[in-house]
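Asks: Chain by chain, the residues run as shown.
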Amino acid sequence: MKGLQKYLLKKTGWYLVTLFIAVFLNFMLPRLIPGNPVASIVAEATGTLTDAAAIKKIYDTYMSMFGLDKPMWQQFLIYVNNVFHGNLGLSFYQFPRPVSDIIGSCIHWTLMLQLPAILVGWFVGNALGALTAYRKGVFDRVFFPLFLFLSAIPAFGFAYVNVYFLSNQLKLFPGSLAYSFEMLPNWANPGFLLSVLDHYRLPFLTMVLVAIGGQSLGMREMSIYELNADYVKYSRLLGIKDKKIVWYVFRNAMLPQINGLALSLGSMIGGNLIAEIVFSYPGLGTTMFTAIRNQDFPLISGCTLIITVTVLIANFVVDIICGLIDPRVRMTQQEEG
Amino acid sequence: MGYFLKTVFKSGKFCFGFSVIVIILLLITIYPMFDTRDPLDMAGGFFERPNMVEYINRNKEGGQKAASAVAEVDQATTDLLAQFGMVMAEKKEQPIALHILGTDNFGRDMMAQLVAGTKTSLVIGLLAGTIATLIGLTIGLLAGYLGGQIDNFLSSITNIFLVIPSFVILVLVSVSVSTRSFLTTGIIIGVTSWPWTARAVRSQTTSLRNRDHVNLSKLSGHSMPRIIIKDILPYIASYVVMAFILQVASGILSEASISMLGLGPRNVATLGLMMNWAGSFNALFNGNWWAFLPMVLMISLITFSLNLMNSGLDQIFNPQIRS
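Residue numbers (UniProt numbering), protein chains in the order written: chain R, 1 to 337; chain H, 1 to 323.
Worth double-checking, as some hints may not be accurate.
Only pairs whose alpha carbons sit at most 25 Å apart, straight line, appear in this in silico DMTMM-like list of lysine to aspartate or glutamate [to be verified]:
(1) Lys6/R to Asp151/H
(2) Lys233/R to Asp101/R
(3) Lys10/H to Asp35/H
(4) Lys57/R to Asp69/R
(5) Lys10/H to Glu221/R
(6) Lys233/R to Asp140/R
(7) Lys171/R to Asp198/R
(8) Lys10/H to Asp69/R
(9) Lys10/R to Asp151/H
(10) Lys70/R to Asp60/R
(11) Lys11/R to Asp151/H
(12) Lys230/H to Asp314/H
(13) Lys136/R to Asp314/H
(14) Lys233/R to Asp314/H
Derived by calculation from the structure, the hints in this document are not laboratory data.
The following block holds chain R by itself, in its conformation from the complex:
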């Protein structure tokens, strides 16, 4: 138990350090922008005002409102303090709406779409990967290139193709938005729920297929590795039933794939969130896209911070699970220091 405790403590410590660095980068990088982003808001706010003293006053008010009139290190402390109180600042573009409010109104769409899709894709992908490794031959020769090609298509490119063929040409699914455009979001309304489900199908299908490609490749490789292991040959010599051996192989190949789950949660940011733009899905990806278009810096860094924290938490949980179920992980981690 002592080893496990040490492992948990160490992991927690490292994730705290990582979180600190992530928050620091998130604070620092947008502030490297040459020029002053507040100036453009002030220009808009003052409009036709010509009185220099009045403009100066408005400018100063805005600067202190965004906390830009203090030295950098004070700004950072205030930022960290605010972040811990759930305050991510005010949006430039949708001024004076708080960033946390905007993110709060979109993040559930992303979670609702991505998490189930990744989990389903993970299960199906692993099963298919193990199957191709076990069956080999023609089966493998057909599925391996298929999975490889599937994993090579960027998620948003796949979204384009699906929206065009399945929605626009074949009219099988609605191809954009998360619910019918004439509806108001009201979760108690059965009509709204049906509309949400209807619009959910195509993005979900796309995400699942993308996830299957990557996961099955990883599982296939691990299973082939395990199938060549000595214990499999020994079991065969002992005359143990094939079904049982496959189960051993599957279980052993599965453990590294739990890490793969964390990875795919991390990589969902790179491709899958952007696919939301293609579907006009009102999630985090689309919000970040609009923020970037409007140069809404507080909202951009709010989005990136939320994304980072989500990925950190997912990785942390997976690390803990791996440490709990697989003693080998604890050992190697300790060796690595």
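With chain R's structure known, arrange chain H on it following the hints.
Replies: Frame of chain R; chain H shown alone:
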């Protein structure tokens, strides 16, 4: 090296992937020789269909009609001019505008853009892959070979940047850099995507550090750079090549991702940027498939071939996976 190449080309997967890449490379070198238009110039109407056959037919009919009309008008004009004792210069024929893949939202020729975009995307991928591999290799070799505190320090940094999604840093840096050429984009992608290579190289180097031939070199008093280059690098070369190939593939995907967000390079066509244009000008809902499908296919084909090459190499260098 000769032996290396011979083994590598025995793998069917590697050969197939390699051939596709070579064909794409040939396309982007040869096509611009025949089509010298600037890919970003307006060459036709908005969202014109791919029209090779149509255009040839139309030009035949239209050309004849136009020719006879011109001849009629010309006859009248020449007669008129002849009365005043002047002679008109002979009219030259208009060149035929051919759009193999149609045109996009600004009437730019898709084929010319596709070729130019593929080239830019490949350059970005290669640049990003080279930078990421160099940084990752240096950090991984140092951490793995030196061990001790330096290893602890470097590995910690690597692990931290492994968990912070590189895409997020990519977005933040791209937002902060106001003038983005495709070279800047490549550099930014490369600088944010080295941790995987560093980790792989480190674990390989650690296992090599105490081999007999390395110890022998140490006893002979060879310098550290020499030991690393002569005794360690050759053993991990195949891994580095594989990591490089994967980095190039992911560099191309990263470019496409941030270009989709509008954070990619400016004033140049890249595959990601062209998909972004197609999306923002509603090509999807107007059924203009030629405005995005070629790019999706091109990105997938490049990534697929690179991954296939990687898998072929893996089969050769990782005998345990050889099935």
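Asks: It remains to establish, for every hint, whether it holds in the given structure.
Replies: Hints versus structure:
Only pairs whose Cα atoms come within 25 Å are accepted, and Lys6/R paired with Asp151/H is accepted, the gap being roughly 21 Å. Taken as a hint, the Lys233/R and Asp101/R pair is broken in the structure, with Cα atoms around 58 Å apart against an allowance of 25 Å. Using a Cα cut-off of 25 Å, the hinted pair Lys10/H and Asp35/H is violated, with the two alpha carbons roughly 37 Å apart. Taking the CA atoms of Lys57/R and Asp69/R, the gap is near 13 Å; set against the 25 Å cutoff, the hint holds.
For the given pair, Lys10/H sits about 20 Å from Glu221/R by alpha-carbon distance, which is consistent with the 25 Å threshold. At most 25 Å may separate the alpha-carbon atoms for a hinted pair to count; Lys233/R and Asp140/R meet this at roughly 21 Å. Restraint check for Lys171/R and Asp198/R: satisfied, since their Cα atoms lie roughly 12 Å apart, inside the 25 Å limit. Restraint check for Lys10/H and Asp69/R: not satisfied, since their Cα atoms lie roughly 65 Å apart, outside the 25 Å limit.
Of the supplied pair hints, the one linking Lys10/R and Asp151/H holds, its CA atoms being roughly 17 Å apart against a limit of 25 Å. In summary, the hint linking Lys70/R to Asp60/R is supported, as the alpha carbons are separated by about 12 Å, within the 25 Å threshold. Restraint check for Lys11/R and Asp151/H: satisfied, since their Cα atoms lie roughly 18 Å apart, inside the 25 Å limit. Taken as a hint, the Lys230/H and Asp314/H pair is honoured in the structure, with Cα atoms around 23 Å apart against an allowance of 25 Å.
A hinted pair counts as satisfied when its Cα atoms are at most 25 Å apart, and Lys136/R with Asp314/H qualifies at roughly 17 Å. For the hint pairing Lys233/R with Asp314/H, the CA-to-CA distance comes to about 23 Å; that is within 25 Å, so the pair holds.
The structure does not agree with the numbered hints 2, 3, 8 stated previously, though it agrees with the rest.
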